[in-house]
Amino acid sequence: MIELLRRADPARPAVVEDDRTTTYGELTELAESVAAGMLERDITRVASLDHDAATTIAVMAAAALAGVESCQYPPTDDPAEIDALTARFDHDLVICREPLQTIRASATTALALRSAGSVPAEPPEARPLLVLTTGTTGTPRGVRQDWHRVLRGATRIKPAPDERWLLAYGLHQFAGLQILVHVMAAGATLVSAVPRRPREGLAAMRRHGVTHASATPTYWRFLLAEMRTDGEAAPQLRQVTLGGEAIPGPLLGQLRDTFPMAHVSQVYAASEFGSSGSMRDGRNGLSLDVLSRGDSADIAMKIVDGELWVRSRVGMLGYYGEPPVDPDAWRPTGDLVEIVDDRIIFRGRTSEIINVGGVKVHPLPIEERVGAVPGVDMARVFGRPNAMTGSIVAIEIVAAPGSDTDALTTAIRTACADLPAAARPRSIRFVDTVSMAGNKIVRRDTE
Amino acid sequence: MSGSQRDVRDTIKSFLVLVEKDAEFDRGTALFAEGLGLDSLETAELSALLEDEYGKDPFSSETMPQTVGDIVDFYDAAVAGA
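If you read the sequences in order, they're chains A and B. Heads up: the first sequence begins at 1 in the working numbering, then just goes up one per residue. Heads up: the second sequence begins at 1 in the working numbering, then just goes up one per residue.
Hints were generated in silico from the structure; no laboratory data involved. One or more hints might be untrue.
To be verified - Covered stretches of chain A (in silico footprint by chain B; criterion: 3 or more residues with CB under 8 angstroms from a CB of chain B, positions within the stretch not fixed):
1) 372 to 381
2) 421 to 427
Said to hold, decoys possible - Under the rule of at most 30 angstroms between Cα atoms (straight-line distance), these lysine-lysine pairs were calculated in the DSS-like manner:
3) B:K13 - B:K56
4) B:K21 - A:K360
5) B:K21 - B:K56
6) A:K360 - B:K56
7) A:K440 - A:K302
8) A:K360 - A:K302
Glycine included, each C-beta is placed from N, C-alpha and C at the ideal position.
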């Protein structure tokens with residue numbers, strides 16, 4: 001990371017936040033001084049929490065420069081939650097915005113760690129990194145990575161200092177790291193707005209002249225809903241990227257219509273296997289070519305019983321607390337796919353399948369149908385436990401302002417009337433917002 | 001949990017209208033077969049609706065309701081035992 005920061009124009013803005021702008025020069029200086037402090041204190045592992053984006057990046061770069069394994073925690077101010085994370089991942093030191101006295105581990109701040117001591121010109125060979133999974137299906141796991149692998153594609157990124165990328169993911173997420181690496185490698189500017197919700201993201205796009213943005217389909221759907229509500233002009237985006245979830249059918253067209261100047265692309269990546277690259281043709285799914293990359297490819301893919309499997313030599317080293325993974329072993333991704341013409345289309349996650357009286361039902365096609373009903377801003381389909389059938393298909397609806405919910409219920413039932421009986425929503429509730437983790441819809445019962 | 005006999009009957013009636021079934025019934029009307037003719041998924045849907053309305057679902061109890069009256073009695077017993 002530090003090489004990327006050092007090689008950019010030091011006067012250029014690296015990170016724009018609502019209350020301040022941090023240049024590449026300032027970021028490099030902070031990272032080097034924190035790295036010196038880490039080396040002086042013989043720190044080998046550290047957790048980082050609740051910083052502004054610029055400080056988070058500086059701490060990450062500092063750790064990489066000092067050969068310290070860093071782990072960015074998801075935002076929280078709950079001491080019990082922090083204690084659970086430090087216990088789970090054996091962290092003795094947490095770098096926080098303010099020194100917390102109420103957690104079990106030692107706490108310090110990035111500013112307190114700074115030192116004028118010397119730092120190596122080059123980072124060490126081993127630059128470990130621990131990335132936590134989103135935990136959409138349970139407790140987060142620690143994915144052991146190495147900066148060499150995370151930065152693998154950075155050399156191919158061309159300088160693009162005029163690009164302004166929205167940070168729609170947290171920097172504790174692998175997708176956020178991917179954006180960070182891309183922006184820093186391009187010498188571009190990262191625009192960070194918290195919390196990382198579509199409403200704040202849309203405001204930041206307008207306020208700070210964002211040109212490029214990468215987010216989950218759910219994030220984009222909410223952002224479009226926000227735009228419909230506020231009626232203001234669309235940001236002048238040049239790049240719209242989607243990843244992290246299956247893409248509902250109508251969404252790509254809606255994005256093209258809303259952002260006519262933008263290239264629409266999608267990425268397929270995960271903290272476990274790395275990034276398989278992006279599809280830039282604006283069409284849904286992956287090209288079939290990815291199935292015939294050959295044995296020498298860094299990332300190879302195959303489909304087994306409708307699920308995508310990956311063999312990655314550039315992915316994780318292993319899960320924290322578990323044996324290392326074999327880089328030549330095939331692993332299931334949990335992503336359900338279907339080949340349609342010359343594309344591999346994502347249909348959801350294996351963990352999202354609803355078992356209705358022995359019939360397997362996929363939530364996404366139902367969500368797509370219901371999402372297309374006028375008056376539905378957002379839909380979340382999940383399995384609701386039921387004594388009669390094990391589960392039923394349940395749906396939560398965020399209705400457009402001013403909608404008649406009785407009429408909407410009838411319209412939703414009509415829209416689903418020709419689905420197989422097991423796939424028809426049997427429980428329809430109207431809610432203010434749907435349950436999400438990492439800006440992805442959680443398609444399981446959350447009660 | 002609330003659920004007067006009239007409330008429960010109204011809930012069942014509105015459900016039957018929703019699923020386009022004959023909404024005329026009395027206490028002795030069977031839920032299945034020649035009665036209301038609910039299939040397993042419709043029964044599951046009714047159970048979810050009752051749980052949403054009254055916080056408890058008679059179909060999760062030890063004795064599965066067979067008639068409209070069984071459902072009404074389930075809520076009467078729950079109120080009496082509260």
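Exercise for review: If any of the earlier hints don't hold here, list their numbers in rising order.
Suggested key: 1
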